[in-house]
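Could you put the whole structure together from the sequences, leaning on the hints where they help?
The working numbering puts the first residue of the sequence shown at 713, with every later residue one more than the last.
These are computed hints drawn from the structure, not numbers from a lab. A portion of the hints provided could be inaccurate.
[Claimed, not checked] Heads up, simulated DSS-like pairs for lysine-lysine below, C-alpha to C-alpha not over 25 Å straight-line:
1) LYS866 - LYS877
2) LYS867 - LYS877
3) LYS1031 - LYS1087
4) LYS752 - LYS791
5) LYS739 - LYS877
6) LYS1001 - LYS1031
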Amino acid sequence: MKKILFILSLMLPLVAAAAEWDGMDVKMWSEGSITWADFKGAPPAGTDAPVSGFECTLDVKRENLGHGREYFAYAYMDKLHSYVTDTTLASPERLRYHQLQFDALEVVRRRLQNEIGMGISDQQVQDRTAYYRAAYIEQLADIDRETEYGTNEKKVAEWEYFTRKNLEQTAVAPPPQSVPSNWGYGAQVGLGGIFPTGDITGTFHGNFTFNAGLIGTYRRLQLQATVAYGQPGFENRNVFSRFDSEGRPAVDVLDDNASFLDITVSLGYCIVRTGRLAITPHAGLFWGKYKWNATDLEWTQNPETGEYESHVTRTETQKFSDLNWMAGIDFDIRLHTARSRGDFWFGRREQLASSLRITPYVAHAVYNKENPAVKGYYVGFTVSYYGLARALKLQ
713 MKKILFILSL
723 MLPLVAAAAE
733 WDGMDVKMWS
743 EGSITWADFK
753 GAPPAGTDAP
763 VSGFECTLDV
773 KRENLGHGRE
783 YFAYAYMDKL
793 HSYVTDTTLA
803 SPERLRYHQL
813 QFDALEVVRR
823 RLQNEIGMGI
833 SDQQVQDRTA
843 YYRAAYIEQL
853 ADIDRETEYG
863 TNEKKVAEWE
873 YFTRKNLEQT
883 AVAPPPQSVP
893 SNWGYGAQVG
903 LGGIFPTGDI
913 TGTFHGNFTF
923 NAGLIGTYRR
933 LQLQATVAYG
943 QPGFENRNVF
953 SRFDSEGRPA
963 VDVLDDNASF
973 LDITVSLGYC
983 IVRTGRLAIT
993 PHAGLFWGKY
1003 KWNATDLEWT
1013 QNPETGEYES
1023 HVTRTETQKF
1033 SDLNWMAGID
1043 FDIRLHTARS
1053 RGDFWFGRRE
1063 QLASSLRITP
1073 YVAHAVYNKE
1083 NPAVKGYYVG
1093 FTVSYYGLAR
1103 ALKLQ
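Written out as structure tokens, the structure reads:
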């Protein structure tokens, strides 16, 4: 992959000349030495213009490489703003002087590209580009002063040697590849359903749930904690089987639904992981809790009809809970993957991935170990939107 990026860093300037500088006529440094035919601009008005003028620029652009957008630095000659006032004076020595200016810009470009390859942020790219442009202008002033604008051939030769050495020593390194770290963190939110079996069905109905959770990953390991809430109906309104001396129910529920809360903490291992699908079996702890409002009943005989009627004497909150085991399988279908353009959390760029997570699971619960027993198994499922972030590191 690094070799591919390195080749692209050399080829993209040629493509960009046609694709990114519409309306301009440019020549990249990588296209070869300049010739007088490249000077297509009109000379400035006035008689004090020099024999020739050379315009070159350092620029950066973002290119789409398929896996993401990356910055590349370019050194190019603006042909339409480079000119010759007198073709009879356009000597090889003068062209040699302009080539020196172009070569010095390429040294600066390579240094900037190497810094970009280290994974600096968007703002840092802009700051470093401005710095290297200013540094080039200062160096260009030194070249002009020492070579007397290219007329001192000895000084031109010295600067050529110095610049050539810098070009050799400032090769563009293959840009390091940004890869996600082994650690990741994320969250999920969704809907689901949980349906009891065994003795629990004689007390409560199944119910739909709202689910949310937090997730941490390391390589293929996954630790997750989720919470679910729902409102099941009653199959038995006298949950604890409390009756008076005549066998009449001494308790009734105050409303038609209980609140159901479950919290699971599980550890899983991803057995299948492709670009689009991940399958992760997991097992752990299941804590479930039912809570409802109930009324105590007192039965009195109606003197007129002789029928016994119930009267509410007080209301109370009833509940029971249990900690037990659970097991499930996460099926993650990848929806989208992106990389943060700038620093995300902890001062680093991150890979952000979203998935559709479908999780069937089973859990065990024993809520009331006394008479009557309220125990059994749950069969449940969740359908969630799942997001995972992993910090990017250079490799």
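Quick rundown of the hints versus the structure:
1. Straight-line distance between C-alpha atoms of LYS866 and LYS877 comes to about 17 Å, which keeps the hinted pair within the 25 Å bound.
2. About 15 Å separates the Cα atoms of LYS867 and LYS877, which keeps this hinted pair within 25 Å; it holds.
3. The suggested pairing of LYS1031 with LYS1087 holds, with an alpha-carbon distance near 14 Å, which does not exceed 25 Å.
4. Between LYS752 and LYS791 the CA atoms are separated by roughly 5 Å; this keeps the pair inside 25 Å, and the hint holds.
5. Proposed proximity of LYS739 and LYS877 is supported: the alpha carbons are some 23 Å apart, at most 25 Å.
6. Restraint check for LYS1001 and LYS1031: satisfied, since their Cα atoms lie roughly 7 Å apart, inside the 25 Å limit.
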